[in-house]
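S.K.: In case you want the letters, here they are:
Protein chains: 2
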Amino acid sequence: MAADGLVLSIDGMGGDAGPGTVVEGVAIAARRWPRTRFLVHGDAAQLTPLVSRHAGLSAVAGVRAAERAIGMEMKPAQALRQGKGTSLWNAVEAVKDGEAHAAVSAGNTGAFMAISMFRLRTMAGVHRPALTAGIPNARALTTVMLDVGANVEADASQLVEFAIMGEAFFRALYGVERPTIGLLNVGAEDQKGHEEIRTAARLIRDRRIDMDFRGFVEGDDICKGGVDVVVTDGFTGNIALKSIEGAARLVGQFLRESLTSGPLAQAGAALAYPALKKLRKRMDPSTNNGAVFLGLNGVVVKSHGSANAEGFAAAIDVAVRLARSHYRDEIARNIARLGAGAETTAEQRDAS
Amino acid sequence: MAADGLVLSIDGMGGDAGPGTVVEGVAIAARRWPRTRFLVHGDAAQLTPLVSRHAGLSAVAGVRAAERAIGMEMKPAQALRQGKGTSLWNAVEAVKDGEAHAAVSAGNTGAFMAISMFRLRTMAGVHRPALTAGIPNARALTTVMLDVGANVEADASQLVEFAIMGEAFFRALYGVERPTIGLLNVGAEDQKGHEEIRTAARLIRDRRIDMDFRGFVEGDDICKGGVDVVVTDGFTGNIALKSIEGAARLVGQFLRESLTSGPLAQAGAALAYPALKKLRKRMDPSTNNGAVFLGLNGVVVKSHGSANAEGFAAAIDVAVRLARSHYRDEIARNIARLGAGAETTAEQRDAS
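Protein chains in written order, with our numbering: chain A, 1 to 352; chain B, 353 to 704.
Don't take each hint at face value.
Some chain B residues judged to face chain A by a derived CB distance under 10 Å, without partners named [claimed, not checked]:
#, residue
1, Leu-358
2, Met-465
3, Met-469
4, Phe-470
5, Arg-471
6, Arg-473
7, Met-475
8, Glu-505
9, Ala-508
10, Ile-549
11, Asp-572
12, Gly-614
13, Leu-631
These are calculated hints, taken from the structure and not from any lab test. Model, not experiment: these values are computed from the prediction. The C-beta atom is built at its ideal place from N, Cα and C for all residues, glycine as well.
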């Protein structure tokens with residue numbers, strides 16, 4: 001690794017827009033993080049000229065030849081069997097080998113998760129990794145929600161693990177000392193929801209997990225920004241996230257229809273154009289790009305498949321912030337509290 | 353009951369806006385449905401002058417004195433113990449007694465559900481009732497989602513029951529002969545999601561439930577209108593619904609901030625005002641007001657607590673459409689298919 005900075009491992013072939021967009025994203029990130037180096041994995045014949053096109057980029061970004069790439073349609077199990085030697089696999093492998101501090105890809109999410117989990121393994125004490133999403137809200141920093149789809153179900157301890165991981169992640173990402181944490185539920189009262197969630201809330205309090213836990217939050221708190229981190233199982237989180245995306249898209253469509261519905265509306269829209277453009281940017285998923293697969297022995301960041309170069313650079317930002325932070329030590333400390341509590345309970349049970 | 357029309361039982365005291373809004377809503381509905389009669393339960397000293405204020409309303413709307421009302425903070429269990437004789441209780445009781453065809457209230461949702469369930473009981477073959485919500489989409493008719501909170505969990509058979517009830521409900525509401533039905537999941541492929549959902553999909557197909565079942569849909573399909581009826585458990589449905597509400601509110605807030613961010617934007621907004629007003633109406637929850645507590649021996653419609661008179665009239669529309677339809681017979685027929693399949697399976701098991 002570079003003695004004076006970070007090394008990031010990039011899947012050069014992932015994403016809908018192709019290697020050009022990935023390399024452009026790397027170029028933006030290289031200007032933003034001057035002491036960082038990049039390993040760009042993929043088809044050297046395509047990647048090398050793309051890298052040389054950006055002045056000075058060749059000095060910090062090296063191309064690592066990988067003959068194959070994983071397509072967007074490949075199933076995770078197939079990716080595990082046939083993925084060796086692909087740009088995605090090699091990007092993860094560089095983290096495993098200690099050659100890079102983090103891997104970033106805009107490729108096939110399921111394959112990326114499967115390969116990362118297989119090669120990097122979960123941290124000690126973490127039973128299942130979780131996928132994060134950043135969601136706009138009315139405040140300065142986005143709401144982080146997890147899990148949004150790495151697992152279909154989660155028991156109470158796993159929900160607590162997600163809370164621990166999300167808390168450390170938010171601090172690493174935004175530098176907020178004490179992020180606020182909420183468990184997603186159908187009501188704020190203690191007796192609401194199903195057993196797993198109520199037990200998870202009790203565990204966070206009883207085991208003295210070190211976090212600013214605010215109890216239960218509801219679906220509308222996600223976009224309200226009622227807490228910094230919303231914790232839920234991957235089934236509910238995935239559906240909440242996509243429901244929000246669908247709603248935002250619908251309002252956008254209604255707005256476009258309204259503002260093109262007649263000459264007056266069109267004139268109004270023209271006058272308000274700069275303001276509407278700012279609104280569009282505020283709602284743009286690229287702004288909050290960079291989903292993290294938390295709980296592994298290594299930093300793994302997924303860029304949205306349709307992200308543009310700015311979006312890919314935003315995903316690299318997330319990787320840099322995480323790789324620079326102590327989030328894994330913080331997770332390990334809180335996971336130990338969760339585990340220690342479990343032992344106490346077992347001892348108490350043995351003693352009685 | 354009136355020989356020539358419907359009788360609706362109205363909780364005159366429910367809702368944030370008070371009896372004035374409820375009675376105004378009844379007056380709107382009375383003009384829309386001239387052969388319908390109304391029983392308005394509540395404080396006669398308040399209600400009688402409100403009814404007489406609307407020309408001709410006294411002829412079709414009678415006030416039924418109820419001394420007490422159920423507050424918005426009362427817990428369901430408390431409402432069951434102490435609710436007898438309240439306007440809400442009496443509104444439901446009139447349906448139970450066969451005096452009215454449907455009950456409508458803008459009051460305490462939990463209390464309304466508990467009292468309705470206690471007095472009306474579930475239909476034969478229905479294990480748990482379900483609460484519906486109407487959600488705007490880009491097409492002409494709203495998406496109906498259920499369950500949005502009557503139950504925290506649902507097993508596979510209960511999900512099929514919800515699908516059966518939602519299908520009949522959509523037809524009764526909109527007159528669509530073959531509504532399309534989808535099960536909410538984290539992906540469209542057959543192997544996605546947890547066991548209950550996969551089993552529910554198999555049951556709908558194997559038991560030849562009579563509906564246009566389209567398989568799995570995802571969170572963003574709710575606002576896209578990919579199917580007419582989205583079926584899920586009450587936990588997921590509640591969170592999806594509130595996530596959508598929160599997202600729509602956030603985009604609205606961003607839009608307001610954009611359009612007041614400077615003189616040009618303000619001028620544009622002024623020109624586009626009629627179009628923006630139409631947009632507002634399109635997103636207004638009152639337009640889709642009227643959640644139904646499906647699966648009981650009687651029609652029970654919940655108006656949103658903050659609905660205005662037009663919104664309350666929209667909830668009455670839902671009650672009228674349901675009370676006029678054969679939705680309960682249709683539900684019973686499909687529930688029988690589900691049950692018959694279960695018996696066959698049991699016989700097969702015995703025979704093997």
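S.K.: Look at each hint and say if it fits the structure.
M.R.: Verification of the supplied hints:
For Leu-358(B), the suggested interface contact is broken, since its CB lies about 34 Å from the closest CB of chain A, more than 10 Å. Interface hint status for Met-465(B): violated, as the beta-carbon distance to the closest one in chain A is roughly 13 Å, over 10 Å. The closest approach between the C-beta of Met-469(B) and any C-beta of chain A is roughly 18 Å, which is over the 10 Å cut-off, so the hint fails. Here the hint on Phe-470(B) is broken, as its CB sits about 19 Å from the closest CB of chain A, past 10 Å.
Violation of the interface hint for Arg-471(B) is found here, the shortest Cβ-Cβ separation to chain A being roughly 24 Å, above the 10 Å cut-off. Checking Arg-473(B) against chain A by beta carbon gives a least distance of about 24 Å; that is not within 10 Å, so the hint is violated. Because the smallest distance between the Cβ of Met-475(B) and any Cβ of chain A comes to about 24 Å, over 10 Å, the interface hint for this residue is violated. Of the supplied interface hints, the one on Glu-505(B) holds, with its beta-carbon coming within about 6 Å of a beta-carbon of chain A, less than 10 Å.
At a threshold of 10 Å, the smallest CB-CB gap from Ala-508(B) to chain A is about 15 Å, leaving the interface hint violated. For Ile-549(B), the shortest C-beta to C-beta distance to chain A is roughly 9 Å, which falls under 10 Å, so the interface hint holds. About 3 Å separates the beta-carbon of Asp-572(B) from the nearest beta-carbon of chain A, less than 10 Å, and the hint is met. Restraint check, Gly-614(B) versus chain A: the minimum CB separation of about 7 Å is within 10 Å; hint holds.
Hint status for Leu-631(B): holds, given a least beta-carbon distance of 4 Å to chain A, under 10 Å.
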